[in-house]
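Engineer: Based on these hints, arrange chains B, C and D on the given structure of chain A.
Chains as they are written, first to last, in the UniProt record's numbering: chain A, 1 to 339; chain B, 1 to 339; chain C, 1 to 339; chain D, 1 to 339.
Hints listed in this document are in silico derivations from the structure and should not be mistaken for laboratory results. Hints are not guaranteed to be accurate.
For identical chains, the list gives no copy identity; a pair is met inside one copy or between any two copies.
In the SDA-like style, the derived pairs of lysine to any residue whose C-alpha atoms are separated by at most 25 Å in a straight line are [what the hints assert, rightly or not]:
#, residue 1, residue 2
1, K259, F130
2, K259, L278
3, K259, R135
4, K259, A132
5, K259, D275
6, K99, L278
7, K99, Q61
8, K99, P305
9, K99, A315
10, K259, F281
11, K259, I16
12, K259, E145
Protein chains: 4
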Amino acid sequence: MSVDILRVGLIGAGRIGLLHAQHLAGHIPAASLLMVADVNEEAARECAQRFAIPYATQNYQAILENPDIQAVVICSPTDTHARVIQEAAQAGKHIFCEKPIALDLPSIDQAVAVVASAGVKFQIGFNRRFDANYRRVRQALERLEIGRPQILNITSRDPGPPPLAYILVSGGLFLDMMIHDFDMARFLIDSEVEEVFTMAGVMHDPALGEVGDVDTAVVMLRFANGAIATINNSRYASYGYDQRVELLGSSGAISIDNKYANTAIISDGQSIRRDLPLHFFLERYNESFLLEMTAFVDSVLHDRPVPVNEQDGRAPVVLALAARRSLDERRPISIDEMR
Amino acid sequence: MSVDILRVGLIGAGRIGLLHAQHLAGHIPAASLLMVADVNEEAARECAQRFAIPYATQNYQAILENPDIQAVVICSPTDTHARVIQEAAQAGKHIFCEKPIALDLPSIDQAVAVVASAGVKFQIGFNRRFDANYRRVRQALERLEIGRPQILNITSRDPGPPPLAYILVSGGLFLDMMIHDFDMARFLIDSEVEEVFTMAGVMHDPALGEVGDVDTAVVMLRFANGAIATINNSRYASYGYDQRVELLGSSGAISIDNKYANTAIISDGQSIRRDLPLHFFLERYNESFLLEMTAFVDSVLHDRPVPVNEQDGRAPVVLALAARRSLDERRPISIDEMR
Amino acid sequence: MSVDILRVGLIGAGRIGLLHAQHLAGHIPAASLLMVADVNEEAARECAQRFAIPYATQNYQAILENPDIQAVVICSPTDTHARVIQEAAQAGKHIFCEKPIALDLPSIDQAVAVVASAGVKFQIGFNRRFDANYRRVRQALERLEIGRPQILNITSRDPGPPPLAYILVSGGLFLDMMIHDFDMARFLIDSEVEEVFTMAGVMHDPALGEVGDVDTAVVMLRFANGAIATINNSRYASYGYDQRVELLGSSGAISIDNKYANTAIISDGQSIRRDLPLHFFLERYNESFLLEMTAFVDSVLHDRPVPVNEQDGRAPVVLALAARRSLDERRPISIDEMR
Amino acid sequence: MSVDILRVGLIGAGRIGLLHAQHLAGHIPAASLLMVADVNEEAARECAQRFAIPYATQNYQAILENPDIQAVVICSPTDTHARVIQEAAQAGKHIFCEKPIALDLPSIDQAVAVVASAGVKFQIGFNRRFDANYRRVRQALERLEIGRPQILNITSRDPGPPPLAYILVSGGLFLDMMIHDFDMARFLIDSEVEEVFTMAGVMHDPALGEVGDVDTAVVMLRFANGAIATINNSRYASYGYDQRVELLGSSGAISIDNKYANTAIISDGQSIRRDLPLHFFLERYNESFLLEMTAFVDSVLHDRPVPVNEQDGRAPVVLALAARRSLDERRPISIDEMR
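One chain only, chain A, in its complex shape:
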């Protein structure tokens, strides 16, 4: 086998696992997806059949024990991430892991320490950094098209809430949804957050409140470089998946709009209108998932730094925990308190 092909095993064949399987099997020539594991053996077998993966198993350790496998893609439930990361690192496998690493900092720190001592590559699945719109914002900053960042407003709204059962284990809105926006804020401002303040509430379904979550939240962040960001989340955007940012810089501004399936504008006696935006993250961000995995494969094959590293995995969890604490204690939280 050529040195230019990365041999990969997939751990977890749920929705996001299938997405990565499709990309690894069909769209990334430099990768070869050889094994898939899922505690649900049927899911593993179906994934294997669909994407012509030679070997399916219920037991992810079979992947870690296979010396042919160079890298693993971890898409198992969040509460297993830290453990699987450590075992994979100890087995010498390079690791791509879905976000978040874990829901608490000690677990993250322990996993990161094991990865560091193993010396393997470790990339976190913050795919939005690879989306053409967000990259264009970052590029505007790098090219000095708008000067230094000053005010960032992130809008990130889902068309509907996940099942309650998911919310019970996800850590809630700040950890399962806004975590992407915390990552995006760090990515675009390119500085670390010093203070977090939250206002939030249950505006749609009291059942969400009964399990301790909110469905609507606005968070303000102050960065070390002076920039200020707001993030607004809703789990109930009736018009669909709303994913936009606006960034004011010292000499200009940039904003990005949603993505649409077509550009058609229809005019009649009632209104001038267009169809709703792409409905959810699998459609909206599909290209970015492919690009992040391509980047991971390249990083391993050519021994380059991964584009989203362990610190990028840890920091948004800190911010999510701080945002939640701010809501609970009704005061701004200094990030120093969280360390």
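Structural biologist: Using the frame of chain A, we list chains B, C and D on its own:
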């Protein structure tokens, strides 16, 4: 009375006459509207009362005979234009006249000849040249932002047809509606038309066809400088007044959109939409009517060339007649044939 | 004189006074502007000449003492508002007063009390409520086009800072600039604010910081009805006057864009682009200034409630003071603390 | 081998052949690309290596003689299409052929006759019908969102001209470029053209004129159902690939815009702007190429009518020849003349 104030008489107090009265009375400090005439004496009196005009009359000759009046604004029916123009010119009054000068070329040429020998100012009411959007297109050409003009597409559609009674005396779509677009094509291309070709039909109301008119027409023009233009007209744009142009130049392109009462975009479970554009020409072009009259007043007071002259009044009539002939004879018409 | 014409005196002939004079003199038939006062007598005389106001004076008390005057429009410096309001009310004049009423609550409360006991009309100059864009947002709520308000984001940025001398007496960004946005938040959410949190800084000119002001600020508001708002202000928007809102409701969303002098889009080898938005508030909000004054005149003539009352004048000052305190004390401020 | 997989051979491994190879090999699970032929053997081999095609040859007859091959995709030069189509049909292969079928009607008619008697599927490569924007226009008509079609304006401009050598064999602008727009006009109006009129010229490079072609053309079409269409083409759109349509219907209108790599809007002291549209057809229409081939594969496998048939292949050639004749003879051409 200061030499800086132009003393004006208004002939015709219908819809467009009232509009000019409002501007002359309230918004053009350099003009003083002293008299108004209308064959309908009641209309004249109401206009006078509404805009505090000192003198109202049924007889426009009273205006022409008044030595205090320096200029007249002719808003009487089209079939009276040529005669009133000549009388006004012979009385030494400067003239602003609504378009078209007349529906036939001999009448136009005779009126223009009298105006020329009288040496008075003579401006035609092609107001759209003063609209901010169209001026921006012209400016783009003058500033060389898009290079030399190559392809011009004019969309000009009304929200509904005028009364049949109007169409019977208006000369039909080419003379009452597309005449504005012929003027605009000349204004933007800044060259003369050499050839005209028309396709048109009655697509909505057979009654329009029975009086010899069409409700939908597309005309193609070839200009002396090589540029090609299309004009499309409909009397039945269900979504409102649609007034746009697109111009391709040798090094760029410019397009203008409609004007809207507000910029609001509403998103819900059905669509992303906005309200319809400004409904008709009085709203859409209000500012341009004020600017054209201000320009006329300035031209007279400071003895400068008028911005829309007799040739600008004649040429679109030639084009309208040629477009109609092209439709009737199903062949392209050379403008040389029309002279 | 007809009972349908309101006889008005203008107090203060600076920039905003001239604007109101123009509207009262030329565009509001139901008003007659009879007197103008300014401590700078030359300014009063020039204003009188320009708008044909019969009487100009250095002494505003001449206006208050004139029994023919029914209403006054107060455009004098902010620190004189409270005093002039009281004197005018005691003289039985109806009052239109520019915002803010005063920079401190005791002055406001005293002025409001005098007005109340005098029983005169009292309208505050929050003109943006009359702007077509903001009205459309309010209308969307009233028509239930987007459901109940949940998240409001207000962007309000100036193209450049005022002179330092102005800032020294204006009360700073929260009182001279964001006060409009506090009013807008109340107008659109139609509920009262319960909590305020601020992050802000000096990002451009240290001189602004030396006089105790900021040039960039983001404020978060929680309303009694549960809605959350953010306001972001900058005194240095390089691309011009940026005045937008986005409102998420329970069943939809609405956003408004800036206003532009034209709709032209130019495409060339470099970019697809349009001209900058209308540059500053006199252009952007001109129509709203006319409409607010028309509404005031109508309220007095027909004895109807004014559309922006004393509570609408007081509440934004409370919010501005709270926002400043939040910045100084780095904590959220409950509005209960401010009363 | 499963009956659900179509075994395909590719004839021609140039630019468009490579595109189809990529789709057939990697993105259409129901197809298996087994052979590739190109007179340039090196090109065939490179294509085979890149997309893991088992067999490459200089001789396309090897494909036709292989009984395992069920269908061929013809991407050879236009002047070979008619001959290869006939041979493939006689060999019993289903056929996907790039447009145009041929540059003259006798060749087309002969090829179509052979296909008909062989009873094989025959699809023409008018990919734009599969583009999401154009499909949405068609859908608006089918759903009666805008009523009956009345005026269609097609803008279709290339960022730069092809090499002169290509133009010498392509048939010129009407056959190599506007042919797509003739197809689109028929697809959207869903009626046949009765009359064609052309104005065109050489506005950029005299060399194009010396070989008998034009670089800028505007064509007007009248359809049997009364609708009127204009098509404007330029080989020199400085701002990139411009592919738009606007359609006025009896109760509404629809327009589609270009596609862009991102939605970012950048504002600074100069302008409000965005990046140029996707640069050329391989990027702009990539998805549509995949969808047309998927549709072909499905048509063969499930014995359904092809979505773009032989009449769809012939009619645009008739229109292109008529448009050229109209230009040469400076008169409208009835389609009856062309039969």
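Engineer: State for each hint whether it applies.
Structural biologist: Taking the hints in turn, this is what the structure says about them:
Taking CA atoms no more than 25 Å apart as the test, K259 paired with F130 passes in both settings, with 15 Å inside one copy and 19 Å between copies. Taking CA atoms no more than 25 Å apart as the test, K259 paired with L278 passes in both settings, with 6 Å inside one copy and 15 Å between copies. Within a single copy, K259 and R135 get their C-alpha atoms as close as 14 Å, and across copies as close as 18 Å, so both meet the 25 Å cut-off. With identical chains, the CA atoms of K259 and A132 are at most 25 Å apart both within one copy (10 Å) and between copies (13 Å).
Taking the shortest Cα distances, K259 and D275 sit within 25 Å of each other both inside one copy (11 Å) and across copies (15 Å). In the homo-oligomer, the alpha carbons of K99 and L278 lie at most 25 Å apart inside one protomer (22 Å), although the nearest pairing across protomers, at 32 Å, exceeds that limit. With identical chains, the CA atoms of K99 and Q61 are at most 25 Å apart within one copy only, with a shortest distance of 21 Å there and 54 Å across copies. Only within a single protomer do K99 and P305 lie at most 25 Å apart by alpha-carbon distance; the minimum there is 18 Å, versus 47 Å between protomers.
With identical chains, the CA atoms of K99 and A315 are at most 25 Å apart within one copy only, with a shortest distance of 12 Å there and 44 Å across copies. Taking identical chains as interchangeable, the C-alpha atoms of K259 and F281 lie at most 25 Å apart whether they share a chain (11 Å) or sit on different chains (20 Å). Proximity of K259 and I16 under a CA criterion of 25 Å is satisfied intra-copy only: 20 Å inside one chain copy versus 28 Å between copies. Within a single copy, K259 and E145 get their C-alpha atoms as close as 23 Å, and across copies as close as 23 Å, so both meet the 25 Å cut-off.
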